[in-house]
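Novice: Kindly generate the complete structure, drawing on both the sequences and the hints.
Going down the list, the sequences are from chains F and V.
When we follow UniProt numbering, the leftmost residue of the first sequence carries the number 1, and every step to the right adds one.
When we follow UniProt numbering, the leftmost residue of the second sequence carries the number 1, and every step to the right adds one.
Treat each hint with caution, since some may be false.
[Stated by the list, open to error] No more than 30 Å apart at the CA atoms, straight line, and that leaves these computed lysine-lysine pairs for BS3-like: (1) F:193 / V:108; (2) F:172 / F:267; (3) V:89 / F:267; (4) V:97 / F:193; (5) V:108 / F:267; (6) V:97 / F:288; (7) V:97 / F:259; (8) F:345 / F:329; (9) V:108 / V:97; (10) F:386 / V:89; (11) F:177 / V:46; (12) V:46 / F:193; (13) F:127 / F:115; (14) F:259 / F:177; (15) F:267 / F:345; (16) V:46 / F:127; (17) F:259 / F:172; (18) F:177 / F:115; (19) F:348 / F:329; (20) V:97 / F:172; (21) F:288 / V:108; (22) F:193 / F:172; (23) F:115 / F:259; (24) F:267 / F:288; (25) V:89 / V:108; (26) F:288 / V:89; (27) V:46 / F:267; (28) F:193 / F:177.
[Said to hold, decoys possible] According to the in silico footprint, chain F covers these stretches of chain V (three or more CB under 8 Å from chain F): (29) 43-54; (30) 64-75; (31) 78-90; (32) 101-108.
Hints are computed from structural coordinates only; laboratory data are not their basis.
Even for Gly, the Cβ is constructed at its ideal location relative to N, Cα and C.
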Amino acid sequence: MDRLDPFLARTLARRRLLTGGALTLAGGAALAQSGGMAQLLFSSGREQRPLTSGFPGKGEMILQRNRPPLLETPLSVFDQGVFTPNDRFFVRWHWADIPLDVDADAFRLTITGGKQPVSLFLADILKMPRISYAAVNQCSGNSRGLFDPRVPGAQWAHGAMGNAMWEGVALKTLLEKAGVSTASHVRFGGLDKPLTQVDPFEKSLALDHAMNGEVMVAFAMNGEQLPLLNGFPLRLIVPGWYSTYWVKSLNQIELFSGKDANYWMAKAYQIPTAAGANVTPGTTDFAKTPISTMNVRSWITSAEPGARIPYADRLPLRGIAMGGDTGVKRVEVSADGGQTWQDAKLDKDQGRYGFRRFEASLPVARGQVVLMSRATNADGAVQPMKANWNPGGYMRNCVEPCPVEIA
Amino acid sequence: MRAATLSIALMLLLASGCQGERDTTAEDMASAPQPDSFAPLASIQKASITLPEDAETFGEGEHAALLNRTCLACHSTSMIRYQPPLDRKTWTAEVTKMREAYGAPFAKEETGAIVEALMATQPSKKD
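Specialist: Given below as structure tokens:
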């Protein structure tokens with residue numbers, strides 16, 4: 001009881017109240033929902049979520065949670081292009097106190113624990129040598145609602161992910177400014193804060209990883225400054241790794257030695273060490289390790305599960321694939337529930353950490369048909385037919401059946 | 001409206017930027033970005049947004065009052081409403097995590113009562 005910061009809680013409550021007032025003045029509803037509902041196909045059946053365009057800077061999103069926001073990207077967005085537009089990019093915050101107003105001229109990124117402390121304005125960072133690449137940002141628990149049996153947590157379908165062209169400064173360049181001495185790890189923290197006196201949301205990487213020249217402190221996403229809801233003004237980009245490491249509104253970097261005992265590294269986001277992060281359903285006692293690299297996945301995007309499609313002798317299909325921490329080598333598609341497969345045509349390669357679009361055309365008969373896609377990455381890893389299970393609902397990457405009716 | 005316009009502009013930009021046939025291999029990633037698609041960022045402007053209101057509660061009654069007091073300081077009702085049916089053991093682990101890791105405003109002794117309230121509110125699994 002005494003651990004809740006009453007002042008901060010009151011401030012936030014007041015902020016919500018003021019927000020409500022502002023919306024009322026503008027004649028809007030409490031939460032500007034478009035009225036439509038998203039249909040999500042989970043392992044235990046279909047569930048509905050409201051669609052909302054009520055979040056500033058965001059178009060229509062699936063409302064998983066208002067506060068702190070959990071906004072999911074509708075599957076149809078991934079059918080429109082290889083890059084996910086900023087205004088449709090998924091949103092996920094842990095704490096109630098998230099940055100809503102950032103003065104770009106006053107903001108500073110600090111680096112401590114090196115040979116000398118460093119404090120940089122955004123203007124300083126913009127003048128440094130830049131790097132840029134496409135990379136998929138995917139929540140560790142993407143597709144959690146499809147776990148069978150179901151597990152607690154944010155009940156995402158497949159839209160807790162997006163692919164953007166990120167632009168910024170290599171973390172290596174910044175750490176060299178601070179002078180890397182004997183540190184073994186680098187810790188990252190942002191502007192979001194808990195209401196209570198608990199470990200802040202901080203993540204860490206091994207120094208070798210942080211210095212690999214690819215890990216980036218990004219200031220731009222698809223050619224624009226980052227939206228506040230996606231981590232303005234700076235976000236850590238850890239290509240090939242799950243989004244939990246992509247610290248938003250990054251304002252502090254700390255070099256340190258030893259093991260990170262912070263809750264968010266030591267206790268949360270733990271996966272089984274077993275292959276495929278897979279354990280027998282119901283198991284909680286198993287060897288664990290922090291989640292890290294993503295795995296190979298693919299989705300058909302030209303049809304939503306449950307869609308009714310007018311009959312033609314061939315069904316054109318489109319979709320997206322990702323290799324995880326490497327490129328996509330091959331995508332196969334099936335229109336008979338995985339009994340027979342045909343190679344899909346891969347679209348232009350936008351970089352090995354990004355989405356790769358594919359298309360195909362398959363002969364189909366009238367009736368119920370199960371569409372599937374199966375990707376193979378550059379390391380030869382193939383999506384399994386059978387889903388994994390773990391109590392955190394992490395790292396799903398099986399072939400996703402897309403049942404449709406050809407009528 | 002503005003978002004829609006931006007989104008269309010972005011799609012046009014992408015469409016025009018991705019026309020060129022260029023063979024890239026999986027190896028060219030980070031060192032070979034696609035600068036043809038997006039212009040480098042020139043400056044960063046201050047940002048400020050206001051989030052939608054969230055006044056929803058679990059309503060009235062003993063269970064609702066308990067959940068309103070112990071859960072809603074940090075998150076919306078939907079975090080609970082959208083959970084799948086969970087058994088007592090799983091709910092207890094979640095409530096304990098909320099108190100220990102997130103510092104939810106309730107005493108350890110209230111855990112059992114909160115789990116009861118959650119199981120009554122949710123289509124829960126029998127123990």
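Novice: So, for every hint listed, does it hold in this structure?
Specialist: Quick rundown of the hints versus the structure:
Under the criterion of a C-alpha separation no larger than 30 Å, the hint pairing residue 193 of chain F with residue 108 of chain V is consistent with the structure, at around 23 Å. The hinted pair formed by residue 172 of chain F and residue 267 of chain F meets the criterion: a straight-line CA distance of about 28 Å does not exceed 30 Å. Restraint check for residue 89 of chain V and residue 267 of chain F: the C-alpha separation of about 19 Å stays at or below 30 Å, so the hint holds. Restraint check: the Cα-Cα separation between residue 97 of chain V and residue 193 of chain F comes to about 17 Å, which is no more than 30 Å; the hinted pair holds.
The straight-line distance between the Cα atoms of residue 108 of chain V and residue 267 of chain F is roughly 20 Å, inside the 30 Å bound, and the hint therefore holds. A C-alpha spacing of about 18 Å is found between residue 97 of chain V and residue 288 of chain F, which places the hinted pair at or below 30 Å, so the restraint holds. With a CA separation close to 22 Å, the supplied pair residue 97 of chain V and residue 259 of chain F stays within the 30 Å bound. A C-alpha spacing of about 11 Å is found between residue 345 of chain F and residue 329 of chain F, which places the hinted pair at or below 30 Å, so the restraint holds.
Using a Cα cut-off of 30 Å, the hinted pair residue 108 of chain V and residue 97 of chain V holds, with the two alpha carbons roughly 11 Å apart. Taking the CA atoms of residue 386 of chain F and residue 89 of chain V, the gap is about 27 Å. The hint holds against a cut of 30 Å. Simply put, residue 177 of chain F and residue 46 of chain V have alpha-carbon atoms about 26 Å apart, close enough for the 30 Å limit, and the pair holds. Note on residue 46 of chain V and residue 193 of chain F: the hinted pairing holds, with a Cα-Cα distance of about 20 Å set against a maximum of 30 Å.
For the given pair, residue 127 of chain F sits about 22 Å from residue 115 of chain F by alpha-carbon distance, which is consistent with the 30 Å threshold. Simply put, residue 259 of chain F and residue 177 of chain F have alpha-carbon atoms about 24 Å apart, close enough for the 30 Å limit, and the pair holds. The hinted pair formed by residue 267 of chain F and residue 345 of chain F fails the criterion: a straight-line CA distance of about 42 Å is larger than 30 Å. A distance of roughly 18 Å separates the Cα atoms of residue 46 of chain V and residue 127 of chain F; the hinted pair therefore holds under the 30 Å criterion.
For the given pair, residue 259 of chain F sits about 21 Å from residue 172 of chain F by alpha-carbon distance, which is consistent with the 30 Å threshold. Using a Cα cut-off of 30 Å, the hinted pair residue 177 of chain F and residue 115 of chain F holds, with the two alpha carbons roughly 9 Å apart. A distance of roughly 12 Å separates the Cα atoms of residue 348 of chain F and residue 329 of chain F; the hinted pair therefore holds under the 30 Å criterion. Among the hinted pairs, residue 97 of chain V with residue 172 of chain F is inconsistent with the structure: their alpha-carbon atoms are about 35 Å apart, more than 30 Å.
Note on residue 288 of chain F and residue 108 of chain V: the hinted pairing holds, with a Cα-Cα distance of about 27 Å set against a maximum of 30 Å. This hinted pair checks out: residue 193 of chain F and residue 172 of chain F have alpha carbons roughly 26 Å apart, not beyond 30 Å. At roughly 20 Å between alpha-carbon atoms, residue 115 of chain F and residue 259 of chain F fall within 30 Å of each other, so this suggested pair holds. Distance restraint check for residue 267 of chain F and residue 288 of chain F: the Cα-Cα separation of roughly 9 Å lies within the 30 Å cut-off, and the hinted pair is therefore satisfied.
The hinted pair formed by residue 89 of chain V and residue 108 of chain V meets the criterion: a straight-line CA distance of about 16 Å does not exceed 30 Å. Distance hint between residue 288 of chain F and residue 89 of chain V is fulfilled; the C-alpha atoms sit about 20 Å from each other, no more than 30 Å. Distance hint between residue 46 of chain V and residue 267 of chain F is unfulfilled; the C-alpha atoms sit about 35 Å from each other, more than 30 Å. Simply put, residue 193 of chain F and residue 177 of chain F have alpha-carbon atoms about 27 Å apart, close enough for the 30 Å limit, and the pair holds.
For the stretch 43-54 of chain V, the stated coverage by chain F is satisfied: 12 residues place a CB nearer than 8 Å to a CB of that chain, which reaches the threshold of 3. For the stretch 64-75 of chain V, the assignment as covered by chain F holds, since 3 residues bring a beta-carbon within under 8 Å of that chain's beta-carbons and 3 suffice. Three residues within the 8 Å Cβ limit are the bar, and the stretch 78-90 of chain V against chain F gives 8, so the coverage statement holds. Residues of the stretch 101-108 of chain V with a Cβ under 8 Å from some Cβ of chain F number 7, which satisfies the need for three, so the listed coverage holds.
In terms of the numbered hints stated before, the structure departs from hints 15, 20, 27, listed from lowest to highest.
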